[in-house]
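> Here is what each chain is made of, one letter per residue.
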Amino acid sequence: MSARKTTKGSFEDSLNRLEKIVESLEQGQVPLDDALKLYEEGIQLSKACAEKLKAAEMRIKKLAKNADGQFELQDLE
Amino acid sequence: MLGPERKILSVTEITRKIRIYLEETFPQVWIQGEISNCRRHTSGHLYFTLKDEAAQISAVMWQSNLESLLFKPEDGMKVIARGAITVYPPKGNYQIDVDKMQPVGIGELQLAFEKLKQKLAAEGLFDPRRRKPIPVYPENIGIITSESGAALHDMKSVLERRFPSIGVVVLPVRVQGPGSAEEIAQAIGDMNRYGRVDVIIVGRGGGSLEDLWAFNEEIVARAIHASRIPVVSAVGHEIDFTISDFVADLRAPTPSAAAELVVRDRAELLETLRNMCYTMQQTLTDRVNGCFNRVKSLVESYSFNRPKDYLREFVQTLDEFDRSLQLKFHHFVELTFQKHLNFSQRLESTNPRGVLKRGYTMVRHKGTVVTSSKKLEVGERAVIEFHDGEVPAKVER
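So the sequences go chain by chain: W and R. Counted the way this note's numbering counts, the first sequence spans residues 1 to 77. Counted the way this note's numbering counts, the second sequence spans residues 78 to 474.
Read the hints as simulated data drawn from the structure, not as lab findings. A couple of the hints might just be wrong.
To be verified - Straight-line alpha carbon distances no greater than 20 Å define the calculated SDA-like cross-link-like pairs of lysine to any residue that follow: (1) W/Lys65 x R/Glu237; (2) W/Lys62 x R/Ala344; (3) W/Lys62 x R/Arg251; (4) W/Lys52 x R/Ala344.
Next comes chain W alone, as it looks inside the complex:
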């Protein structure tokens, strides 16, 4: 099952990509044109990451199985 991927993708991947970008910019091996593109991408990524982090409310739910054996999320009392 690849269900995990759906939650995994965004933040961690973004942050890893961002780290790579910072690293390659620091090494200074990429041509300037590419460096500018990387920089642009990096800024976008860091914005997206920061936005995620700033989401203030913790989403807390209870996992329950309904009559059909399907999972559903309920509010926690």
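Use these hints to put chain R onto chain W, whose structure you have.
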């Protein structure tokens, strides 16, 4: 002596009475003693004697009860045995039917713990190489614990403080009492089937060894081992170690610690992001400045100015070439002119009119040149041509 009022019993009858009496009086007793004459029959049953300094009692443990035994009974071992007193009529002796037994000095739970630990270790369930990495930045966390316990409350407050932007999915289970191990194992399986969490924390708050026991059960250990999603075990206090701790991908000393281990601090992470942005900006600015300086120094460099020199040299060469070309052309023109001149002179010499200049004349009659005197009759008119003009003439004779 024997009288008629005395009831005479057969051996079988008295043995039966004794048996009923003993079995009703001692349906379950705990006996402490030392094992001797221990032998395992080919049937699988275990026969031995329990003794102390002054007495002994025969004991038997049936094959079916032996399977639950957590140690291997041997002669000389001090044990506590639980069982019912029975009688074996063919030999006329009483014995204890042991259904449970444990060595003296070691608690049963402790024993079970050690036994399961050894078994699972031998199977490789504790192999650190089998541990799955805990995601560094989980976005959704699964928590398997009691809905009413302090553990859930503690974890919630840690998560809220450190990383509010996280999804938490709680799967409530009973964490102690009969059936709790099965519930926990089922919950771990369910959380995997649900799938949309990056890491699972399974645990409970502190309690007695018995309270924590579900986390020492094989079924829970196997469920943790089978989990595709990394599992953090968080049972009891720092000092409590459970089988779950050994088999989990990460052991947290307490539930609160599990929450701290699983999520980074948000403030820290934001700081990291800011630093990365700054680094990117800085390196790029340096880079652009560096490039600018490079271009500048190139423009000013000797090598860059060489082409200009080349150009100049080339222009000069071109000028020279042009000059020589002009010279050559003039020469050519002159030569051609000279040739032409010679030619025209030569041509001139063949022109009949050239002869006229030297004093000869030409006579024409009716447009044609008269080349013989016989061609003119007396009285006819002709034209005499000189080099500078002509005069009419008339033949007189």
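> With reference to the structure, classify each hint as holding or not holding.
Consistency of the hints with the structure:
Taking the CA atoms of W/Lys65 and R/Glu237, the gap is about 26 Å. The hint is violated against a cut of 20 Å. Only pairs whose Cα atoms come within 20 Å are accepted, and W/Lys62 paired with R/Ala344 is rejected, the gap being roughly 27 Å. Between the alpha carbons of W/Lys62 and R/Arg251 the distance comes to roughly 15 Å, so the proposed pair stays at or under 20 Å and holds. Distance check on the hinted pair: W/Lys52 and R/Ala344 sit about 13 Å apart at the alpha-carbon level, within 20 Å; holds.
Going through the hint list in order, the structure does not satisfy hints 1 and 2.
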